[in-house]
Amino acid sequence: MTPTAPAVIAPINPLKRRGWLFWPAMAVLALMAAMIIFLIIAFLLGEGVPLIAQGGIFRFFSDEGWWPLEASFNLAPMLLASLYLTIGALVVATPLSLAIALVTTFKAPAGLARLLRNVVELSAAVPTVVYGLWGVTSIVPILNMWSPPGASLMAGILVVALMIIPTITVLTQSALQTVPRAYTQGAAALGVSSSQTLLRVVIPSASQGIFSAMVLGAARAIGETMVVLMVCGNIVQVPTSLFDPVRALTANIALEMPYAMGDHRASLFVAGLVMLLLVSALVALGEWAGMRQRRMRA
Amino acid sequence: MKQVVALQLDYRDLAWTGLMYGLTLAAFAVLLWPLFTVFSNGLQVLSWEFLFTRPTDAGRSGGIAPILVSTLAIVLTSLAAALPLAFGAAVMLTEGFDPEGWAARVLRCSLDILGGIPSVVFGLFGLSFFCRQLDLGYSILAGGLTLACMILPTLARSMAFSLESAASAHRVGGTALGLSRQSVLWHVLVPVALPGICAGIVLALTRALAETAVLLFTSGYSDRMPESLLDSGRSISVHIYDLSTNVPGGNSNAYGSAVALLLLLAVLSFSVHIITRWMQRSMTGTTTRSH
Amino acid sequence: MAIKTTSVWLVGAGVLIALLLAGCNPATDQAQAESRTSRISIVGSSTLSALLSEMGKAYEQVNPGVRIDVQSGGSSRGIMDVRAGTALLGMVSRELKPDERNLHNILIARDGIGMIVNEKNPVTGLSNEQVFGIYTGQITNWKDVGGDDLAITVVSKAEGRSTLEVFSDYFGVSYREIRAHVIIGDNQQGIQTVGGSAAAIGYVSIGSAEYEAEQGAEIRLISLEGQLPSTESVASGGYPISRELNLVYKEPLTEQARDFLTFARSREAAELVSRLYMIPVTP
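Protein sequence lines, in the order shown, are assigned to chains V, Z and E.
Throughout, the numbering used here is defined as the position within the first sequence, counted from one, plus 86.
Throughout, the numbering used here is defined as the position within the second sequence, counted from one, plus 288.
Throughout, the numbering used here is defined as the position within the third sequence, counted from one, plus 18.
Excised from the complex, chain V in its bound form (with noise of 0.2 angstroms):
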């Protein structure tokens, strides 16, 4: 016997079915975390632009120096120091990353291997200001004696190098396994020492991934503000030498914020736009050389 239906269907009350506030809800919090982007960007334009509208956006390179108080905000002389420290960082951590990366995927025991990946982790873990400690009290006074004053562009490209270290090694461990089996056992097949292997089968192939990883770490290294701010000596100057002190551009706006007024105050947001469109371009970058990594895997 086939069950009669009722005569009548309860109409649906959409208040009364479930999820009616669960979704929304969320969609309301998904929407307010979308919109925080949007929010930095417009307080940035609206202090910095009023600046910008008054003498062009070509003085921020062609002023005669930085002499806030005098009008003058060439942004150039920082924004060297920035890129030099960042490429620095970069030549010095990326040999040492790759090479803890390798042994730790291929050629360590397992127990070493753990051992490393803890002391990278823990390291990682460090606040930035006990970096920039440690760099004060013990490389610039290193320095010091080699060349004074110490606190110069070759503190900040050590201490920073050691700070990206941990966020190259992880991204490159990562790259390093999604490298086929299939190659080094080929490899090994075909008797190519284990060297020969890393250096011509497994580095090209996880190329991209590494570049994703070198790229993420330079966008850490330029933003970074303490650590440059203790030890780089805070100098406005194109560095000619290695030993001269510098300012990055992220340290001039710690150092000078609580202090600036007006359009000074102005020329700092200006100095944090160039910072976040910098960033946002490594970021980018990074992360479309990371996809393609992935994708060539899938």
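Since the hints were made in silico from the structure, they are not lab data.
The structure presented is a predicted model; accordingly, all values stated were derived computationally and were not measured.
Even glycine gets a Cβ: it sits at the ideal position worked out from N, Cα and C.
Certain hints may be false.
Each pair of labels, with its calculated beta carbon distance range [said to hold, decoys possible]:
1) V/200 <-> Z/299: 25 to 35 angstroms
2) E/158 <-> Z/339: 40 to 50 angstroms
3) E/81 <-> V/153: 39 to 49 angstroms
4) Z/554 <-> V/286: 35 to 45 angstroms
5) V/147 <-> E/197: 19 to 29 angstroms
Chain V regions said to be covered by chain Z (calculated; three or more residues, Cβ under 8 angstroms) [said to hold, decoys possible]:
6) 281-295
7) 300-310
Chain V is fixed; fit chains Z and E onto it per the hints.
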């Protein structure tokens, strides 16, 4: 029949392997150096007194009790503000919006950009929006809210990842039982994803505790015991910065504070772990290990 | 099944706009707010903030229920914040400029700016021309001024600080002409830097130099044109670079703030001033 096999040392291979191990050793030593300095100098200073008394003499002597309280307040405020937003974003990314649709893409893109912004820029934003526009002044609340913006991408990304990785068997099974999407999410997927969410929160905490520049601009320098969220208060990292830069002779206490910070991180991570396990147990009656 | 995204976005946008409108109040006058919560906010020069922190703590001991927040931001910032109403009192470590005189001010101490070198440096005094030469990069080695054969590490302050302003006015060296090797922010940071480098020279507030030296910092004040900077020589007027330390405010003041100002000029406060090696002005 004896066969003589000539052994040939591959010098090139040895050299490269030696180089790799050498670099690794060098890197290892260099990574350990700051950790060693911090612990050897800091452990001497650490004591119950140090953790529970107020700083005197600009922080050269005395302890860091008010600073620990301020730090906890700032971190808890930031978590309280960021968790709902991150959860909402993660849920919409995995279960709500069409993953290939424009809404999900915009959300993902804006979170990615947010995650890349350098901390000084957050400091500028926090100063201009929370402190000036919303008139919070230099306060723990302003600092916590700004930090919330900073940890949001990390939290959202790891929550979305954990929810996605929850095996489709759970999702499909729940739907087959006739559960609504909301019930499947809340009663099945979230408990399974909790260990991953816990790891994400710990990662976000690491970043939050390490932030200095942002808090300098938004929470100020005051080293007195805060009485409300609207009071100014310095976090441990700001204290370390102040001691090492502005207080001649403050280095040893700075190291002590650094060790205290690492201890705080360990304690908070452990608590988050315990809380998520408890949540899992109360939601489902069992616990699972993270994938 | 994807939620109807358009309707969700519309609802969400409406809620968000409502929240934003609610959150953007015009800033309330800080002074009024503070009189309700008994909070006195003081903003200004970092030279004075150490002193005012001590005074604040002492005042709070006797008056529970009051909270005194001291924030550094520079003398000009102190004046700006008092004018805008975001701070009750401003700390200014220089004379008021003519266009600042419409604010009320009380003098609470005097201080001077002295040159400091590392303890290990044998040089005990410099002339005005020598300091000018060092800071403009014309004199680069200590042996040219009677010291060891060591390249001079010149330490100067970041722009915006009134210590830099006073220094630059006295020696007649403009900001652009200063050739420094390390730029620092607060007085204490300068002391920290000079104490850590045997070849360094810097200029800081005399009070903080004497205080930190007593705490063990490895620095020494050197004489200028034969006059050794010290609290006595500044008080007597012998030492040339001296400056006023003022508190500025706007009328009307709350009762609490007026009471605090009276305290700032009392004998107890004068003791605190002397303990920090500045010169008190009350008899």
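Right, here's what the structure says about each hint:
no. : hint                                : verdict
1   : V/200 <-> Z/299: 25 to 35 angstroms : 31 angstroms, holds
2   : E/158 <-> Z/339: 40 to 50 angstroms : 48 angstroms, holds
3   : E/81 <-> V/153: 39 to 49 angstroms  : 45 angstroms, holds
4   : Z/554 <-> V/286: 35 to 45 angstroms : 43 angstroms, holds
5   : V/147 <-> E/197: 19 to 29 angstroms : 23 angstroms, holds
6   : 281-295                             : holds (count 4)
7   : 300-310                             : holds (count 4)
Checked against the numbered hints above, the structure breaks none of them.
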